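Undergrad: Listed in order, the protein sequences are those of chains A and B.
Going by this note's numbering, the first residue of the first sequence is number 1, and it counts up by one from there.
Going by this note's numbering, the first residue of the second sequence is number 1, and it counts up by one from there.
Derived by calculation from the structure, the hints in this document are not laboratory data.
Any given hint could be a false lead.
[What the hints assert, rightly or not] Keeping only pairs whose Cα atoms sit at most 27 Å apart, straight-line, the calculated DSS-like set for lysine-lysine is:
#1 Lys11(B) - Lys205(A)
#2 Lys108(A) - Lys11(B)
#3 Lys103(A) - Lys11(B)
#4 Lys205(A) - Lys103(A)
#5 Lys192(A) - Lys136(B)
#6 Lys110(B) - Lys291(A)
#7 Lys205(A) - Lys108(A)
#8 Lys245(B) - Lys42(B)
#9 Lys192(A) - Lys269(B)
#10 Lys54(A) - Lys42(B)
#11 Lys245(B) - Lys102(A)
#12 Lys102(A) - Lys110(B)
#13 Lys205(A) - Lys102(A)
#14 Lys103(A) - Lys269(B)
#15 Lys269(B) - Lys108(A)
The model shown is predicted, which means the values in this text are computed figures rather than measured ones.
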Amino acid sequence: MQRIKKFFRYDNVGILFVLPALLYMLIFVGYPIVCNFILSFQDVTVRTINSAVKPFIGLDNYVKLFQDSVLKTSIWNTLLFTVLSLVFQFAVGFLLALFFTKKFSFSKPIRGLMMMPWMIPVTITALMFKFMFGSNVGIINQALQALHLITSPIDWLTSPHSAMFALIFTNIWIGIPFNMILLSAGLTLIPKELYESASIDGANKIQTFFSITLPLLRPTIEAVLILGFIYTFKVFDLVYVMTNGGPVNSTQLLSTYSYKLSFSLFKYSEGATAANILFVILFCVSLIYLKLVYRDEEAA
Amino acid sequence: MDGDNNIRGRKNIIYCIVSVLILVVLLFPIYWIVVTSLKTEKEIFQIPPTLFPQVFNTASYAAQLGNGDFNMFRSFGNSFFISICCMLISIVLSVPASYGLARYRFFGRKITTLSFLVTQMLPVSVILTPMFIMFKNMHLINNPLSAILADATIGIPFSILILKNYFASIPKELEEASYIDGCTRFSSFIKILIPIAFPGVVVCGIFSFLYAWGDLAYGMTFIQDQDSRPITAGIFNFMGQYGTKWSYLTAFAVVTIIPVALIFIFMQKYIISGLTSGAVKG
Chain A
1 MQRIKKFFRY DNVGILFVLP ALLYMLIFVG YPIVCNFILS FQDVTVRTIN
51 SAVKPFIGLD NYVKLFQDSV LKTSIWNTLL FTVLSLVFQF AVGFLLALFF
101 TKKFSFSKPI RGLMMMPWMI PVTITALMFK FMFGSNVGII NQALQALHLI
151 TSPIDWLTSP HSAMFALIFT NIWIGIPFNM ILLSAGLTLI PKELYESASI
201 DGANKIQTFF SITLPLLRPT IEAVLILGFI YTFKVFDLVY VMTNGGPVNS
251 TQLLSTYSYK LSFSLFKYSE GATAANILFV ILFCVSLIYL KLVYRDEEAA
Chain B
1 MDGDNNIRGR KNIIYCIVSV LILVVLLFPI YWIVVTSLKT EKEIFQIPPT
51 LFPQVFNTAS YAAQLGNGDF NMFRSFGNSF FISICCMLIS IVLSVPASYG
101 LARYRFFGRK ITTLSFLVTQ MLPVSVILTP MFIMFKNMHL INNPLSAILA
151 DATIGIPFSI LILKNYFASI PKELEEASYI DGCTRFSSFI KILIPIAFPG
201 VVVCGIFSFL YAWGDLAYGM TFIQDQDSRP ITAGIFNFMG QYGTKWSYLT
251 AFAVVTIIPV ALIFIFMQKY IISGLTSGAV KG
């Protein structure tokens, strides 16, 4: 009796408030993650999906996928896509954040409007850039030809050499506002007195940037980069709509490859296996992020 | 305080002009599809391209009112229904959950918060295949409920983490005062705390709506019947069949952006606060 009473003391009642959401997430996220693991050790295809007994095949799916060159290509492409997107998104976002934290008449309204690329459904962004990267009437080829930078139109999305470039370019466009707004939020937290005393001490702008702005912005920079990595690494819609992994797997990512295995080739188990590889990589990165969040919380 | 660092005079004008130029370059793609959707198919393929339509052609929009291969307005309705339901589910579940996490130090609180944080980072691909099999067994394939249930898994963790900060910032004394006035813990939550945290609830509603509105993967995988598909999946399908019919495609794109743009124009301050507090503090 005492024990039951103790359980229902003030604080533990809180569980009742959290429980509905927690159960929902356990059913629709937790359970599928477990299923996905199990699925990757089974042999489930379109033929066996409705049968009660699903053959257990151990690590065969993993062995099979790692022997397959498309998986290696996908991992490499995913890394390339993520790192290049991240570097440019961050650089441009940072420059814009520095510019827009200056207080001129338009700074706030324009910074707000620049969020638009981030808000638009990715499917629409993909459609937009597919149109602009079009070989014949695409505005990008038209502009480059008018400027005499190229002599004949480039097959941006249909040639294996340039498709990845076009995708990265589009993804940078989506990511710039995200980086900019988070970095501006971080910049406004730096106390102005520091800049004032630095200028009294005779520091120039570059010195101030490297000895005040960068070190104090470090927690924000770390968070932006890691979150950016996670969000970019799992990109699916953009690539699926623009190139669907093609031409000849030159833009195949882990996410699109997993989708292709499951829903075009109906090899559900192999699709789940590819998704699992993606999951494990992202889970490790998430752990780094959590460690940072914890460190900041303890410091605060 | 603020006035001290304001840039004035000629420097201010130069900064304003530069910022407008940056905006024009960045938002050009959006301008370009709006303009293209108002051109005739012939003008779209004209070389050199026109930066402004010679004649306003609304035929691409009007054609959707009839019964074409792809009924844009029905898809729009489907998406709207899915997004509203998803928004309601995430609000109803995440408001009490975030209150519980902010106010009560129960056993397992930290790990629960962390697991919500981690689900935000989960790739769709990981749960897509098992969810498809699960919904197939539940006979929910082609039922909008499947997309609603799946989309809410993105909105809920996001909303909980945002709202947790709102509830944590409300002073405890306020609640204690309401107990003295005869409120129970539950009625004080409903009558006192929710109204104060209302801006946070709006942020969560907006984001849950937008996540569902922008979803492609769930909608196109679980709903294969063209008539019940959300608009993003419908457009994707249309692209596959009539990939070069850009007058229609750009019109679809503009219609899909309209709700986003409206939300954006009227609720900008909520969006920016949601993005910054949700992503950095967690």
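Undergrad: The structure should be examined with respect to each hint, and the outcome stated for every one.
TA: Going through the hints against the structure:
no. : hint                  : result
1   : Lys11(B) - Lys205(A)  : holds, 17 Å
2   : Lys108(A) - Lys11(B)  : holds, 17 Å
3   : Lys103(A) - Lys11(B)  : holds, 11 Å
4   : Lys205(A) - Lys103(A) : holds, 17 Å
5   : Lys192(A) - Lys136(B) : violated, 58 Å
6   : Lys110(B) - Lys291(A) : holds, 13 Å
7   : Lys205(A) - Lys108(A) : holds, 23 Å
8   : Lys245(B) - Lys42(B)  : holds, 11 Å
9   : Lys192(A) - Lys269(B) : holds, 24 Å
10  : Lys54(A) - Lys42(B)   : violated, 55 Å
11  : Lys245(B) - Lys102(A) : violated, 44 Å
12  : Lys102(A) - Lys110(B) : violated, 39 Å
13  : Lys205(A) - Lys102(A) : holds, 14 Å
14  : Lys103(A) - Lys269(B) : holds, 18 Å
15  : Lys269(B) - Lys108(A) : holds, 11 Å
In summary, the structure is inconsistent with hints 5, 10, 11, 12 from the numbered list given earlier, while agreeing with the others.
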